[in-house]
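From these two lone chains plus the hints, build me the complex, please.
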Amino acid sequence: MAQTKAEHIIELRGIKKIYQVGDQEVAALAGVDLNIDQGEFAALMGPSGSGKSTLMNILGCLDRPTVGSYKLDGDEVANLSDDDLALTRNRRIGFVFQNFNLLSRISAAENVALPLVYAGVSRREREEKSRKVLASVGLSDRADHQPNELSGGQRQRVAIARALVNDPHIIMADEPTGNLDTKSTKEIMEIFEGLHESGRTIILVTHEPEIAACASRQLLVRDGRITRDAGKGEKMDVV
Amino acid sequence: MGMFYESVSIALKALLSNKMRSILTMLGIIIGVGAVIAMVSVGMGVTQNVTNSIASLGSNMLIIRPGASMSGGLRGSAGSRTTLKYADAIAIKKKVKDIDYVSPTASSSYQVVYGNQNWNTEVQGVTPEFMAIRDLTVGAGSFITENELATRERVAVIGTTVSTNLFGEENPVGKVIRINNQPFRVIGVLESKGQSSVGQDQDDVVIIPLTTAMDRLLGINYVRMINVQVSSQDKMDAVQADIESLLRQRHHLIGKKENDFQVQNLTSLMTTLNETTTMLTLFLGSIAAISLLVGGIGIMNIMMVSVTERTREIGIRKALGATFKNIMTQFLIESVVIGVIGGLIGIAFGVGVAFAISKFGSFNTVITAAPILLSFTFSVGIGLFFGIYPARKAALLDPIEALRYE
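In order, the protein sequence lines correspond to chains A and B.
Under the working numbering, the first residue of the first sequence carries the number 1, and numbering increases by one thereafter.
Under the working numbering, the first residue of the second sequence carries the number 1001, and numbering increases by one thereafter.
Keep in mind that the hints were calculated from the coordinates and are not lab data.
Glycine included, C-beta positions come from ideal geometry on N, C-alpha and C.
Just so you know, not all the hints are guaranteed correct.
[As the list claims (entries may be wrong)] Taking lysine-lysine pairs in the DSS-like style, the calculated list, with each CA pair at most 27 Å apart, reads:
hint, chain 1, residue 1, chain 2, residue 2
1, B, Lys1013, B, Lys1325
2, B, Lys1019, B, Lys1325
3, B, Lys1013, A, Lys129
4, A, Lys71, B, Lys1325
5, B, Lys1097, B, Lys1256
6, B, Lys1235, B, Lys1094
7, A, Lys129, B, Lys1325
8, B, Lys1093, B, Lys1257
9, B, Lys1256, B, Lys1085
10, B, Lys1013, A, Lys132
11, A, Lys186, A, Lys132
12, A, Lys183, A, Lys132
[Unchecked claim] Chain B is faced by these chain A residues, among others (derived, beta-carbon under 8 Å):
hint, residue
13, Asp63
14, Arg64
15, Leu87
16, Phe95
17, Pro115
[Stated by the list, open to error] Take a look, some chain A residues computed to stay more than 12 Å from chain B by CB distance:
hint, residue
18, Val26
19, Thr54
20, Thr66
21, Gly94
22, Gly231
Excised from the complex, chain B in its bound form (with noise of 0.2 Å):
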């Protein structure tokens, strides 16, 4: 231990004693471990603005929208079709197990108004569950009620941003508002959301019921989407196999005839991008790696350097009684010690530049602990591989040839 601590005291010596070296050598070092942190951290940042993105529709989530219209061979967009029906929504509920919430949704855009404002704005029709699958909270008043669907209610809850433009500092709950010149009560204001991850307005819409808003406003008897979120995970691809044939059977598609829906699984959605994104991350570290990789040849490169520059000093070290293992510590330390300071700047760096993205990039970024050590043991493990050839070099000099050495 003690002969392990003086050789340390040694290493550290020489290092000092050639300061502008070590630092050059410890740039390559620096450069790589801060380059693989902040790297990483982008490729992560990318990976959890996917997530969130995905994550804000919901989790567990199966969306069935209708298929595309077919008039004498000619087909019509995506969702055209006006097959699938609230009683789908309803049949789903009752039929397919592992379900926690059903919400068939009718939406269109109006112009909303009150006294001398108005506002141009999203009118979604709900169920009462649409609460439950978007997490919505109401801040004042109350949500849409079983009640109020079956009687077709003239009622709204309204996001903030539309409260804001109607009604100002005004409490709207028990004021009506007129949506295509049909009054509405409203009876609850939503909880600010915020912007979604793609930059949408999630507080600039009107909920009213979907019976209300299919035969009074639309005027149509079909649904335009049903959000399904299903118990858990694993029992995504079951659920949505069982909704299929129901609603196959509901429509009476028999045989090869196509589906008139279509059912996306955002889970799946998001297994594959997250593999996607994960891949970037991968491929941004190793190419940051490799740059600390070249920081360790560098280190190698030095050290044989000193090793050739210090021929003399060893040999009178040998003379004077020190081992192999002597030597070879002594030289071994210097390097790993490079590798182990390096690895701290660096991380500091890495760090800094992560947070100087997130803070003047557009783009946040995240730094977890798993790239820091691990680039950090990298380091120093560089280090400690990249001094063995030298050090042993070093250890195996002739102590007569050494002492000869000019």
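Bound-form chain A, shown alone (with noise of 0.2 Å):
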């Protein structure tokens, strides 16, 4: 795993995101400060329009905010140009989405081998760490099948193979476990907390308290704003 630098790996002060809508400034999120430790398990939480979701792709590198701060693992990247933004993506942040996001044309072991192309990755080391980290996910006998011809919860897991194998410092899933059943939602969430154990840094978004209460920290977002910040196990109620 990537060794981090800096105290906090995330450190968020007065991020704001202010919209023009009409001549109306909306601020989607309105001065947030917070910080992740390396290692930590956090819950986003809210209900739909409380700016979680952008501050997910602020956290995320996928979005810039208006003003403030952002420093990933000790280097700002607030003001990175769209290149920039892209390798950080690339190098540093593994997705994972809620409708999986897998190319539907290309098999398995290409999908989590995507990463690796944009980082510049031989082809050949390419197939040997996707094959691997699907390995990891309990995929190996599914490498070679295209998505469509895998379960809800498998392709979850591809997904998850895909944010792991550039070996990133955190990974950032946006309602993982949305689309799944309820044993799905089991063995991935299982998986979430594996990769914490072993020291990953991971964030969730999530509005269920259930999926919530796995994670070492709950971090309730209202109004754009965090209102709440509660350890494991609280119950915390969205609404």
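Okay, structure coming up:
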């Protein structure tokens, strides 16, 4: 796993995201301060429209804040260029989406290898690495199947393997169990807990309290601010 | 380099996974490139036909004919005057510079008889220089000599068509034929030249000394035509002017008096005709090029659809770390590959059509490297040019928006 150098792997100071709607300014994020440490498993909760997706996008370097400072492992990323953001997403962040977001025309192994393509890793090394990571999520026998030949739970495991393949600092999961049945949800959450135990930093967006309860830290977002910051096991009502 | 290779591989996979659409998109380029090559080959075929038919008359040629006769205000047909003499030809040869050969001729149609065979053909009275100016070769025997010309000898050199019709398998050299009831000894047989480009049998001819033809056969004191071969093309105009002033002087034409002869310049005729056929080639080629352009717009159209359809894919790739350049290259290569493959198939198609035209049409086509290279380069360029806008559109997509796209 990548060695971190900063005290907090994520450090947000006064993050605001303001959208111009007509002649009105709407603040999706109204000033967020947040530290997340190496190895934390944080759940972001909040009703829809609370700003948790915007926060997630900024944390994931898919979007830039309007104002504020975002230090990822000590490096300021709030003002990076598009290309540098792409590089940051590629090397430091692994994404897991609610609807899996796998490319349908290529095999599971090729999907897992995608971030390595953009990291400039050779074909042979990609093949080797992607199969190894697929094995770690229990899918070695499914490596050559296309996504449409896999079950929802298996697809999400492929997506997790893809998030892990470039050995990122942080795993960002946006409602990863939203489209899954109870059994698959349990399997996926076990994988996340396993990753947490092995020391990975995980940020997980969910609106289900049972899922959030697996995390070591629960953050409630409301009206563009973090309104509660609680430890593991504390029951938190979203509404 | 590695990244470029990856982009090529991604682009090829995308094209292969949508075979029907890729082929239909290529079809526009295939037809465009094919049409350019086929049309230009037809145009160049026409040019070659024209050039050949003029070149068969000899290069750097000036043809002098007598003008139209005038009697009591009535003008006769061109060439009906009797003012052009054998002495004029000799004077031209002697006094005008930069001339290779001068060949005066007088000819008429006669029945030629050998034994119980007869044949109607053109009898041409010529000087020995005729052989060089017409690029003739004697297969058996010899050509007319200066000596025979001076003594008005009754000797004849015959073409292969005449030989076959009168003598069959027999060797004609040394035999005596009768032209207009006068005996002529055959001294040579010309090597076959085949048909001229306008379909005339060039072997259907009997050649005799000019003096014999004028004095003994036709009973005239003038020649029908003088062919002059100029030593180089850039001297043509000067030689033409010299000949005109010499003949005016010899024919006592003073002041504004009209020429009683005319000098034709085959090279300037060829230049004019070449200009015309080149225009024709360009015209045909540019019509075909328009279809190539339409094919290019087809590429752009499909690439736009493809970008919209793959918005989510682009979003995923961007989320996983693809840069503007990565996405741009991926889509540009797709459209360039369409141009390259379409161009290659189009070359095969166009060359095939050109061959078919020359084989099944009564028309020869000329295929050269230039239109092939040009239209191929053009098709690749079109792939690139019409790919830029869609590729840029793809590369500029906002990853968040793209991921949300259903």
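- Item | Status of Gly231(A), Cβ more than 12 Å from any chain B Cβ | Check passes; 31 Å lies beyond 12 Å.
- Message: Hinted pair, alpha-carbon criterion (27 Å max): Lys1093(B), Lys1257(B). Please report holds or violated.
- Response: Holds, because 25 Å separates the two Cα atoms, which is no more than 27 Å.
- Query: Hey, does Gly94(A) actually stay past 12 Å from chain B on C-beta?
  - Reply: violated (9 Å)
- Message: So Val26(A) supposedly isn't at the interface. Is its beta-carbon more than 12 Å from every beta-carbon in chain B?
- Response: holds (16 Å)
- Task: Run the C-beta distances from Thr54(A) to all of chain B and say if the shortest one exceeds 12 Å.
- Result: violated (9 Å)
- Does the alpha-carbon distance linking Lys1013(B) and Lys1325(B) stay inside the 27 Å limit? holds (19 Å)
- Message: Against the 27 Å threshold, does the CA-CA distance of Lys71(A) and Lys1325(B) hold or violate the hint?
- Response: Holds, because 26 Å separates the two Cα atoms, which is no more than 27 Å.
- If you take the shortest Cβ to Cβ gap from Asp63(A) to chain B, is it below 8 Å? holds (6 Å)
- Message: Given the hinted pair Lys1097(B) and Lys1256(B), is their Cα-Cα distance within 27 Å?
- Response: Within the cut-off at roughly 26 Å; holds.
- Task: Could you grab the alpha-carbon distance between Lys186(A) and Lys132(A) and see if it respects the 27 Å cut-off?
- Result: At roughly 23 Å apart (the allowed maximum being 27 Å), Lys132(A) and Lys186(A) satisfy the hint.
- Message: Hinted pair, alpha-carbon criterion (27 Å max): Lys183(A), Lys132(A). Please report holds or violated.
- Response: Answer holds: Lys183(A) to Lys132(A) is near 24 Å, not above 27 Å.
- Item | Hint status (Cβ of Pro115(A) to nearest Cβ of chain B, threshold 8 Å) | holds (5 Å)
Of the hints listed earlier, those the structure fails to meet are numbers 14, 19 and 21, in rising order.
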